[in-house]
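J.: Residue-level listing of the chains:
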Amino acid sequence: GAGVSQSPSNKVTEKGKDVELRCDPISGHTALYWYRQSLGQGLEFLIYFQGNSAPDKSGLPSDRFSAERTGGSVSTLTIQRTQQEDSAVYLCASSSRILDEQYFGPGTRLTVT
Amino acid sequence: AQSVTQLDSQVPVFEEAPVELRCNYSSSVSVYLFWYVQYPNQGLQLLLKYLSGSTLVESINGFEAEFNKSQTSFHLRKPSVHISDTAEYFCAVTNAGFQKLVFGTGTRLLVSP
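Those protein sequences? They're chains A and B, same order as listed. Using the numbering used here, the first residue of the first sequence is number 304, and each one after it goes up by one. Using the numbering used here, the first residue of the second sequence is number 24, and each one after it goes up by one.
Note that these hints are calculated values from the structure, not bench results. Keep in mind that a hint or two might mislead.
As the list claims (entries may be wrong) - Heads up, simulated EDC-like pairs for lysine to aspartate or glutamate below, C-alpha to C-alpha not over 20 Å straight-line:
(1) Lys72(B) - Asp403(A)
(2) Lys92(B) - Glu81(B)
(3) Lys72(B) - Glu89(B)
(4) Lys320(A) - Asp366(A)
(5) Lys72(B) - Asp366(A)
(6) Lys92(B) - Glu43(B)
To be verified - A few chain A positions that, by computed beta-carbon distances, are all more than 12 Å from chain B:
(7) Lys314
(8) Glu317
(9) Lys320
(10) Glu323
(11) Leu324
(12) Gln340
(13) Phe368
(14) Glu388
The beta-carbon is built from N, C-alpha and C at its ideal position, and this holds for glycine as well.
Chain A on its own, in the form it takes in the complex:
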């Protein structure tokens, strides 16, 4: 069956612009997670959703980052006024329930110039 998909696969943007990253979880998965993978920081948790609500936003680096999930399915991670330190691979994962295996998407590579 289809796995987690993310779009775009690559995004190059100028400093100061806003970007939107999309995640399509596996159908029926209620939990959705966003992580960031960068050279200096490794893999960092950003936010997770249970259904459409986000009980834990503790990993969002600043108020320039926001995320939403609609219909218990697709999620969008938005970064406003991008900075060079936002350059990273943004990974999305989903699971059928909390503590079940998280299935990761291929990621979106964001480069801020």
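For chain A, the structure is supplied; the task is to place chain B on it using the hints.
T.: Quick look at chain B alone, frame taken from chain A:
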């Protein structure tokens, strides 16, 4: 707060040799432990996990890891590696109170002929 330490950033090994990738965690509560693998140009995949029960867990491709509570470790081992095992390996921890995975910085396993 939870944390994961992977002391070895890179482990070179010859094909058919044994390997151990070290992982130590820090947590004040009960934990669940995971090893993820990232093959070149691919997404993260779950290799194995410890949730409860037997402290020795195995993967389908010959890896095993042992949960050692007294040493707060979850080292990954394989008795004989293949070229195809070349990848980056991430140890991660979570617990019942937190839904996010906290990852180590990763260990790059390089298998040469």
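J.: Taking the hints in turn, state whether each one holds.
T.: Checked hints:
no., hint, result
1, Lys72(B) - Asp403(A), "holds (10 Å)"
2, Lys92(B) - Glu81(B), "holds (18 Å)"
3, Lys72(B) - Glu89(B), "holds (10 Å)"
4, Lys320(A) - Asp366(A), "holds (15 Å)"
5, Lys72(B) - Asp366(A), "violated (34 Å)"
6, Lys92(B) - Glu43(B), "holds (18 Å)"
7, Lys314, "holds (17 Å)"
8, Glu317, "holds (26 Å)"
9, Lys320, "holds (26 Å)"
10, Glu323, "holds (20 Å)"
11, Leu324, "holds (15 Å)"
12, Gln340, "violated (9 Å)"
13, Phe368, "holds (15 Å)"
14, Glu388, "holds (18 Å)"
The structure is inconsistent with the numbered hints 5 and 12, although it conforms to all the rest.
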